[in-house]
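Undergrad: The whole structure should be built from the sequences, with the hints applied where relevant.
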Amino acid sequence: MLGVTDYSAFVIAFIILLAIPGPGNFALITSTGKGGIKGGLAATFGVIFGDQVLLWLAVAGVAALLNTYPAAFHLVQWLGAAYLAWLGARMLLAKPGTAPLRQMKPNSYLRQTLMITLLNPKAIVFYMAFFPLFVDPVRHQGLVTFAFMAVTIAVLTFLYGLIAVLLTHFLAERLRASPKVSTALEKLAGACLLGFGIKLAVLR
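Numbering follows the numbering used here, in which position 61 of the sequence shown is assigned residue number 1310; successive positions increment by one, without gaps.
Bear in mind the hints are in silico, worked out from the structure with no lab data behind them.
If you're wondering where the values come from, they're calculated on a predicted model, not measured in any experiment.
Heads up, a few of these hints could be off.
The list that follows gives simulated cross-link-like pairs (lysine-lysine, PhoX-like), each with its CA atoms no further than 25 Å apart [unchecked claim]: (1) LYS1287 with LYS1354; (2) LYS1436 with LYS1354; (3) LYS1436 with LYS1287.
Here are the computed distance ranges between Cβ atoms for each label pair [unchecked claim]: (4) ILE1261 with ILE1286: 25 to 35 Å; (5) ILE1286 with ARG1360: 29 to 39 Å; (6) ILE1447 with ALA1396: 29 to 39 Å; (7) ASP1255 with ALA1331: 37 to 47 Å; (8) ARG1339 with GLY1285: 14 to 24 Å; (9) TRP1327 with TYR1256: 29 to 39 Å; (10) VAL1260 with LEU1416: 17 to 27 Å; (11) LYS1436 with GLY1310: 37 to 47 Å.
Ideal Cβ placement from N, Cα and C applies to all residues, glycine included.
TA: Here it is as structure tokens:
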């Protein structure tokens, strides 16, 4: 289909990858808990926009550039680690009832998840390795094939985000009645983001 080998396998593989816990997933859940459905959907679009930038950079060969110049790769890696650690630390140190993200506007959630996504240089390398697995070398149509894959990724990410946002919002409504549980989950999310930041920093 438009130069993509086994399109159904491509879709299934990416859905599985979306479901793997990561900083993007935790940021999406946190944004929904703080900003409701609007905040969660804004965060989802932040992930989508960030992924689109990274996958097209991968297509353009940026991954090869980062591999050629390790210093540039590690600089972006450290920036991403610092940003995640900063977000996590804010949540861990926030006093109960004064959550730092509670009054953010939807576009702020979009910018936050966009930055989390863009500051993950591993994602560029991932797309560089992932795309060739499903590109038919005989029927490949150049940019048309990559554009088709990019649109598929955007649609799948939106559907996944929509489901995650609705589920998170449904559960959050019931957790708000218990401030202690809500605070504990917020601290857990902050610890996870901080942990991902540390993991990204030490990953080589």
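Undergrad: It remains to establish, for every hint, whether it holds in the given structure.
TA: Evaluated hints:
1. LYS1287 with LYS1354: Answer holds: LYS1287 to LYS1354 is near 9 Å, not above 25 Å.
2. LYS1436 with LYS1354: 21 Å, holds
3. LYS1436 with LYS1287: 22 Å, holds
4. ILE1261 with ILE1286: 25 to 35 Å: 27 Å, holds
5. ILE1286 with ARG1360: 29 to 39 Å: 18 Å, violated
6. ILE1447 with ALA1396: 29 to 39 Å: Once the Cβ atoms are compared, 36 Å apart, the range 29 to 39 Å for ALA1396 and ILE1447 holds.
7. ASP1255 with ALA1331: 37 to 47 Å: Cβ of ASP1255 to Cβ of ALA1331: about 39 Å, so the range 37 to 47 Å holds.
8. ARG1339 with GLY1285: 14 to 24 Å: Since ARG1339 and GLY1285 have Cβ atoms about 20 Å apart, the given range 14 to 24 Å holds.
9. TRP1327 with TYR1256: 29 to 39 Å: 37 Å, holds
10. VAL1260 with LEU1416: 17 to 27 Å: 21 Å, holds
11. LYS1436 with GLY1310: 37 to 47 Å: 41 Å, holds
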